[in-house]
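Colleague: Take the sequence shown: its letters are residues 998 to 1285, numbered as in our numbering.
One should not assume that every hint holds.
[Said to hold, decoys possible] Label pairs and their in silico Cβ distance ranges:
1. Arg1054 x Thr1004: 33 to 39 Å
2. Ser1172 x Trp1278: 26 to 32 Å
3. Ser1248 x Phe1058: 36 to 42 Å
4. Thr1073 x Met1053: 24 to 30 Å
5. Pro1201 x Pro1061: 34 to 40 Å
6. Glu1115 x Ser1195: 38 to 44 Å
7. Ala1166 x Leu1007: 29 to 35 Å
8. Phe1210 x Ser1248: 21 to 27 Å
Keep in mind that the hints were calculated from the coordinates and are not lab data. All figures in this text were calculated on a predicted structure; none of them were measured in a lab. Just so you know, even glycine gets a beta-carbon here, dropped at the ideal spot from N, CA and C.
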Amino acid sequence: MQNDNLTGILLMTVSMALFAVEDAFIKLASTSLPVWQILLSMGIGGIAVFSALLIMRRERFFPPEAFSKQILFRMTGEIIGRVFYSLALALASMSVVATVLQATPLAVTLGAAVVFKETVGPRRWAAIIIGFLGVLLIIRPGFDGFEPAALLSILGLVGLTVRDLSTRAAPRSLSNYQLGLYGFVALIPTALLMRPFSAPWVTPDPTTWLYLFGISSFGVGAYYLVTAAMRVGEISAVTPFRYTRILFALSVSVVVFSENIDSLTLVGSGIVIASGVYTIWRENRLRR
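Start from the sequences and build out the full structure, keeping to the hints where you can.
Modeller: Okay, here's the thing in structure tokens:
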């Protein structure tokens, strides 16, 4: 089991690094392409890869369970999360946006208590509240350094929380690969609906095509590895390493985009990480 945990931790860490690189490519591509076109590219790339995986595994693309209410809610959350997170990356600092996203496990715990009536003790409630105070430190609305566009990341956080909560309720007969396919399928009509309200189609130059390829390859690779990580090791050992994404995101934002990471952002990031890790640890301890 120890070797499995080490393998799971390694896979999780690598997947978080790939997600950070994907975020960088989204931000780079957004300098020349409208967000709807980026989402369309993500959808096409994800559909191609997950369709190939389903064919290899001989799994059905759309069994009857794929049309359940839970999957509809999951796809809605995926749309909201992807759209607003991509908009936030395009308009705000990557360091701020990527760090806010790491409060998702706290929001999922909160949502599970409200929606599924799961028991959340006073210690986890305290961790959730402290974690969201850390998010406020990062965004700091009303103070110097506040980026209004960073609020879009909060909407992205809400969408991803809905997606993760719906995943918990999704039919067990559906595999992670089927769920992944449905998420990317949802991006196609979303992108096309956004087109009339955004900039027109832009023919990518060779550099932008490279960015789009990076978005699809690194994004799908990260999704595949995080799924593998959760299947190899114990959840309690592997899940906390999701927070390595903050370290990778901050590093990329400094090296690639020359962003200035101030002390409040670092303190807020530390609070979010500590609160999230404690919440995960406490939840797994109570389940034993």
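Colleague: Against this structure, judge whether each hint is valid.
Modeller: Hints, one by one, checked against the model:
1. Checked against the given bound of 33 to 39 Å, the beta carbons of Arg1054 and Thr1004, roughly 21 Å apart, lie outside it.
2. Distance hint for Ser1172 and Trp1278: a CB-CB separation of about 28 Å, consistent with the stated range 26 to 32 Å.
3. The hinted window of 36 to 42 Å between Ser1248 and Phe1058 holds, with their beta carbons roughly 38 Å apart.
4. At roughly 29 Å, the beta carbons of Thr1073 and Met1053 sit within the given window of 24 to 30 Å.
5. Distance hint check for Pro1201 and Pro1061: the Cβ-Cβ separation is about 39 Å, which falls inside the suggested range of 34 to 40 Å.
6. Hint check: Glu1115 to Ser1195, Cβ distance near 39 Å, so the stated range 38 to 44 Å holds.
7. At roughly 30 Å, the beta carbons of Ala1166 and Leu1007 sit within the given window of 29 to 35 Å.
8. Taking the beta carbon of each, Phe1210 and Ser1248 are about 22 Å apart, inside 21 to 27 Å as hinted.
In this structure, only the earlier hint numbered 1 is contradicted, and the remaining ones agree with it.
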